[in-house]
Amino acid sequence: MDPRSEVLLRQADLFQRPLLLAGLPADDLLGSLPQASGWTWHAGDQAALESRFAGRSHFGTTPPEVAFGAAVLFLPKSRELADYLLKALAARLPGGELFLVGEKRGGIEGAAKQLAAFGTPRKLDSARHCQLWKVDIGEAPAVPDLEALAQRYRLDLADGPLDVVTLPGVFSHGRLDRGTSLLLEQLDGLPSGHLLDFGCGAGVLGAALKRRYPQSRLTLLDVDAFAVASSRLTLAANGLEAEVIAADGIHGAPEGLAAIVSNPPFHQGVHTHYQASEDLLRAARRHLVAGGELRLVANSFLKYPPLIEQHLGPCRLLAEGDGFRIYSARR
1 MDPRSEVLLR QADLFQRPLL LAGLPADDLL GSLPQASGWT WHAGDQAALE
51 SRFAGRSHFG TTPPEVAFGA AVLFLPKSRE LADYLLKALA ARLPGGELFL
101 VGEKRGGIEG AAKQLAAFGT PRKLDSARHC QLWKVDIGEA PAVPDLEALA
151 QRYRLDLADG PLDVVTLPGV FSHGRLDRGT SLLLEQLDGL PSGHLLDFGC
201 GAGVLGAALK RRYPQSRLTL LDVDAFAVAS SRLTLAANGL EAEVIAADGI
251 HGAPEGLAAI VSNPPFHQGV HTHYQASEDL LRAARRHLVA GGELRLVANS
301 FLKYPPLIEQ HLGPCRLLAE GDGFRIYSAR R
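Everything in the sequence shown is counted per UniProt numbering, starting at 1 for the first residue and increasing by one.
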């Protein structure tokens, strides 16, 4: 059981009612709170929760249309995302109660101050290196407009300007990260056919690929609902069309791909995870056609070439700089 869930269950009497658990972990919490529903923006967590608690968890960027008189937000890493989520929940809770739970090292004490926008926050519990806070909602705020919270910036690329739209919580919100910047310079000479932007984030690489290879079919994939929504906004801002899907890792990707292009994710919450990236290296072969190419950017310290060569083929170093390297391998 996640330690944040354990803290909630120490106060289980407070939660034996119609309740929305926002950003909940994929553990057994729903089984202990029979009147609760879940809301997640992580496709992997949604799949796990749906398999065990069918119909009780919902995936997306807005609260589900289920009845609840109280809500618990599991604190996300991004302060901007937390602000949006708290407002979205509070808007549905006039006269209700809003709880915030999170790890101390995740910044729960500072984040609890965000509850002050709705009333007087109170700390209810502190255990398992986590804290639980509560605020009574007096006058509910207006429903926040998620798209109005987007940050937009323009990239001056060799084939013209590219407009990027990022939503709160999306990787590299409001700016171009160094790894993607380096990979954008190494998009020439990809095989023709179905292209995949794996871990698409705000859709920077995907949009650049679609413009560079307009006749190619393009799919963008990310585990996060806010990233999927951002990618769709970025494509629309540039007059481009492509398939955008939510899936938990490369196993949710199409097969028969001519190329996989990626700035693969390795951060999740306050912890660091490399699983999605390593799964990509191990499984890319099954998704690529013969001669298909994997091209990705990675931090220089990550020992990816041996994995690439073990599971795909000879690994080439295309470029390096600013602490990153571009690797390529063909099936």
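Hints are not guaranteed to be accurate.
Said to hold, decoys possible - Only pairs whose alpha carbons sit at most 25 Å apart, straight line, appear in this in silico DSS-like list of lysine-lysine:
#1 Lys-113 x Lys-77
#2 Lys-123 x Lys-104
#3 Lys-87 x Lys-113
#4 Lys-87 x Lys-104
#5 Lys-87 x Lys-123
#6 Lys-77 x Lys-123
#7 Lys-87 x Lys-77
#8 Lys-123 x Lys-113
#9 Lys-77 x Lys-104
I should point out that these hints are in silico values taken from the structure, not numbers from a laboratory.
Tested hints:
1. For the suggested pair Lys-113 and Lys-77, the alpha carbons sit about 15 Å apart, so the restraint of at most 25 Å is met.
2. For the given pair, Lys-123 sits about 13 Å from Lys-104 by alpha-carbon distance, which is consistent with the 25 Å threshold.
3. Using a Cα cut-off of 25 Å, the hinted pair Lys-87 and Lys-113 holds, with the two alpha carbons roughly 13 Å apart.
4. Restraint check for Lys-87 and Lys-104: the C-alpha separation of about 22 Å stays at or below 25 Å, so the hint holds.
5. For the given pair, Lys-87 sits about 19 Å from Lys-123 by alpha-carbon distance, which is consistent with the 25 Å threshold.
6. Of the supplied pair hints, the one linking Lys-77 and Lys-123 holds, its CA atoms being roughly 20 Å apart against a limit of 25 Å.
7. Distance hint between Lys-87 and Lys-77 is fulfilled; the C-alpha atoms sit about 16 Å from each other, no more than 25 Å.
8. Simply put, Lys-123 and Lys-113 have alpha-carbon atoms about 11 Å apart, close enough for the 25 Å limit, and the pair holds.
9. Note on Lys-77 and Lys-104: the hinted pairing holds, with a Cα-Cα distance of about 12 Å set against a maximum of 25 Å.
Consistency note: the structure conflicts with none of the earlier hints.
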